[in-house]
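J.: Sequence:
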Amino acid sequence: MQKHITIKQVLYMLAFLCGSNVSLGYVFNRPKRSGEREEAPSRSEFLSDSPWISTSGSCKGRCFELHEAEAPNCRCDNLCKTYNSCCSDFDEHCLKTAGGFECSKERCGETRNEEHACHCSEDCLDKGDCCTNYRTLCKGDTPWVQEECEEIKTHECPEG
Numbered sequence: 001m002q003k004h005i006t007i008k009q010v011l012y013m014l015a016f017l018c019g020s021n022v023s024l025g026y027v028f029n030r031p032k033r034s035g036e037r038e039e040a041p042s043r044s045e046f047l048s049d050s051p052w053i054s055t056s057g058s059c060k061g062r063c064f065e066l067h068e069a070e071a072p073n074c075r076c077d078n079l080c081k082t083y084n085s086c087c088s089d090f091d092e093h094c095l096k097t098a099g100g101f102e103c104s105k106e107r108c109g110e111t112r113n114e115e116h117a118c119h120c121s122e123d124c125l126d127k128g129d130c131c132t133n134y135r136t137l138c139k140g141d142t143p144w145v146q147e148e149c150e151e152i153k154t155h156e157c158p159e160g
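Residue numbers (full-length UniProt numbering): 1 to 160.
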């Protein structure tokens, strides 16, 4: 039985080798020349593409926008950490925790503080950055869990 490599196998191999963004580099132990300094490591090294942080662009006012950015642009969404494509100021602008994540009676109507993670100011609805309980605590809206439920009489999906 003769074994031979098919074109399909060659193409798979090429796709695998060319599709990888990680490269291996080897530094072999070789005899040092007289007077040569020890600069290069004498072991095998693994070199990979380092995560880039773009210096072009900022997350100010762009936190968690759903915008697909191509390199060298940067992103400010919840996946930028996963794909190493965050703007350099992502943590500073988008991962704020100051002020907590809910309003208190004292915070209702407060002056906007850009250091806060969310806002209880009068303009937060327009800007889309209110704390989770702003409408119920500061505006008096009924929480959805306390609203009247519609009784379902048939097991069909509603229209629309």
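For the record, the hints were derived by calculation from the structure and aren't laboratory data. Here the structure is a predicted model, which means the values were calculated and not measured. Don't take each hint at face value.
List of simulated lysine-lysine pairs, DSS-like, C-alpha gap at most 25 Å [said to hold, decoys possible]: (1) K139 to K127; (2) K139 to K153; (3) K127 to K105; (4) K96 to K81; (5) K60 to K127; (6) K105 to K81; (7) K105 to K139; (8) K60 to K96.
J.: Determine for every hint whether it applies to the structure shown.
T.: For each hint, the structure was consulted:
Only pairs whose Cα atoms come within 25 Å are accepted, and K139 paired with K127 is accepted, the gap being roughly 16 Å. This hinted pair does not check out: K139 and K153 have alpha carbons roughly 33 Å apart, beyond 25 Å. For the given pair, K127 sits about 20 Å from K105 by alpha-carbon distance, which is consistent with the 25 Å threshold. Of the pairs offered as hints, the one joining K96 and K81 holds, with about 15 Å between alpha carbons and a cut-off of 25 Å not exceeded.
Taken as a hint, the K60 and K127 pair is honoured in the structure, with Cα atoms around 13 Å apart against an allowance of 25 Å. With a C-alpha separation of about 35 Å, the suggested pair K105 and K81 falls outside the 25 Å cut-off, and the hint is violated. Restraint check for K105 and K139: satisfied, since their Cα atoms lie roughly 11 Å apart, inside the 25 Å limit. About 12 Å separates the Cα atoms of K60 and K96, which keeps this hinted pair within 25 Å; it holds.
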